[in-house]
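Trainee: Each chain is listed here by its residues.
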Amino acid sequence: MTEPPIVEIRNLSKSYRRGSQIIPVLSGISFDIARGEFLALMGPSGSGKSTLLNLIAGIDFADTGSIQIAGVEITGLSETELAHWRAGNVGFIFQFYNLIPVLTAFENVELPLLLTHLTRKERREHVEAVLSVVGLTDRMDHYPAQLSGGQQQRVAIARAIVTDPEILVADEPTGDLDRASAEEILSLMDRLVTEFGKTVIMVTHDPRAAEKAHLVRHLEKGELQ
Amino acid sequence: MGIPISYSFRNLWTRRLTTVLTASGMGLVVFVFAATLMLAEGLQQTLVQTGSPDNVVVLRKSSNSEVQSGVERTQAALVETQPEVAIGADGQPLLAKELVVLINLQKRGTHKPANVVIRGVATPASFTLRPAVRLIEGRLPHPGLAEVIAGKSIARRFKGAGLGETLRFGMRDWRVVGVFDAGATGFSSEIWGDVEQMMQAFRRPVYSSVIFRLRDSSEFDEFKSRIEGDPRLTVEAKRETRYYLDQSEAMAKFLRILGMVLTIVFSIGAVIGATITMYAAVANRVTEIGTLRALGFRRRDILSAFVIESLLLGLCGGILGVIGASFMQLITISTMNWQSFSELAFSFTLTLGIFWKSLFFSLVMGLIGGTLPAFRASRMNIVEALRSGG
Ligand SMILES: Nc1ncnc2c1ncn2[C@@H]1O[C@H](COP(=O)(O)OP(=O)(O)O)[C@@H](O)[C@H]1O
Ligand SMILES: [Mg+2]
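Those sequence lines, one after another, are chains A and B.
By the UniProt record's numbering, the letter at position 76 of the first sequence is numbered 76, and the numbering carries on one by one without gaps.
By the UniProt record's numbering, the letter at position 370 of the second sequence is numbered 370, and the numbering carries on one by one without gaps.
Some hints could be false.
To be verified - If you anchor each label on the Cβ, the simulated ranges turn out as follows: (1) B:F375 - A:A70: 29 to 39 Å; (2) B:T332 - A:T119: 31 to 41 Å; (3) B:R242 - A:R120: 50 to 60 Å; (4) B:L17 - A:R35: 25 to 35 Å.
In short, the hints are calculated from the structure, not lab data.
The structure presented is a predicted model; accordingly, all values stated were derived computationally and were not measured.
For glycine and all other residues, C-beta sits at the position ideal for the given N, C-alpha and C.
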């Protein structure tokens, strides 16, 4: 029995325009990502890793080609439809955590749930559940500035999984962390894949991070190696 | 559900210095806005309280104020015999034929001249008709003597108008034998003396007005139509409340227009201030906006979060402004009554209506100031916003 891949990318192209100059970033990429994969995307700086990740996450628009995620053709969605789709299907993990500084850890994690129909009580239960997964139940009333980088990234991971999306996208998730914190974050992401069945797509140029992944792919000159 | 209000509120709290400075700018405008409305309100309330709904003022036709009016003695006598006039406890009609003249007096200290209303009154009818007028010092003038009593605010502010002092007008010296208080009414800014003495002194053959109490308040319309239709009379009748309201209309309108003009001019500055603050807030939170959008919040969620932030900012200004304006209630203002060009003392009066109008106005400023920055925030490209901060 072969399960269909969760991500199917066909002939994906994207270029940026800088004045009259056209900068091709991705030129006709095709590949699949299996459900439950922990994929590391590597490649030199400027090779288009982030661009590819953003397209998969539905925050950028492709020039041509198709991206099907869990059977949904996301290149055909309008901006509002995409926003709604992201809220339910993608969790984001950023290099600099991107927590909202004026909200507590609890409130940051609760944020994506405000886009659902859950009651206050249900939201609380969900938030407490994911905070215990990342081991920060005792820090939920702290503001981001009161947390270490590693702790902030764990809050961000809790925020990414609180709506229980299938896919997590992470752009250099350990890029701002010391070795120990980075290890912690990577093991946490590994747990999300093995224990919770998430599909993780991680952009990184850190070989140690790539080592943790189950599959590594290289992007170079707009093409996947 | 969108982005919670606490998000907008806490961002304002986080940058409280900027918030307070910007809100103060708007607060100043709200202060001016509220203060001028309070001034107009205070003026109008003072003048309206001056009148009583049961009293009727009879003036010469188409004269807007007592100062311009003249009522012949024969006509005044005819009014006195009308059946609607109430009869006092002493068996006499509750009616006063009065003379109103403007004179120029110097203020204490500055010696600056200002117009003051002199009212020739009938004792005791004029007093019975205005229960607000109470003698607080001295005694009433004796008829036949050159004596007057002064309203409290006149006695305090004008040279020679205090108890025991002497005023010179109408080519005579007048001893101030009493001081009266008339509460918040315009009478507090008048000088009263015997009407016959005044007519002699000012060489006036006619009264200015006839004031009387209605036997029955509901008989006003009947009285009015009959005497205004009587070919022997060239007078018109108004309820006293109506008369004083009309008196205040021009001034109140002037104040309101002045207030509007000042407010609009100042509010442009305050709105620009709010716009700059909100643009800065947006610029500081570009990555945050990109993050919220990535999480699935829509453009309109971002738009409303920033609009709400700016509305709250405006509301802070509104509250500051209203608090400031409420302190103005402690101040008594004296100004020209533009109808009679006489001095009139009144206070800034804060009403619930002015309170809500001021807060609403502050919200409008917040809305206008926040709209452009909020649109900028909502129109950002997600990827570029996320790239910007690194
Ligand atoms: N908004 C943009 N406008 C113009 N060029 C862009 C824009 N975003 C990315 N690029 C260019 O696209 C290329 C790929 O960028 P990116 O995907 O961020 O690379 P990576 O993440 O692999 O370092 C780079 O050359 C970058 O300069
Ligand atoms: Mg990148």
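Trainee: Given a hinted range of 50 to 60 Å, is it respected by the beta-carbon distance of R242 of chain B and R120 of chain A?
Mentor: holds (58 Å)
Trainee: Does the Cβ-Cβ separation between T332 of chain B and T119 of chain A fall within 31 to 41 Å?
Mentor: Given a distance of about 57 Å, which is not inside 31 to 41 Å, the answer is violated.
Trainee: Return holds or violated for the Cβ distance of L17 of chain B and R35 of chain A against the range 25 to 35 Å.
Mentor: Since L17 of chain B and R35 of chain A have Cβ atoms about 51 Å apart, the given range 25 to 35 Å is violated.
Trainee: Regarding F375 of chain B and A70 of chain A, is the given constraint of 29 to 39 Å on their beta-carbon distance met?
Mentor: holds (34 Å)
The structure is inconsistent with the numbered hints 2, 4, although it conforms to all the rest.
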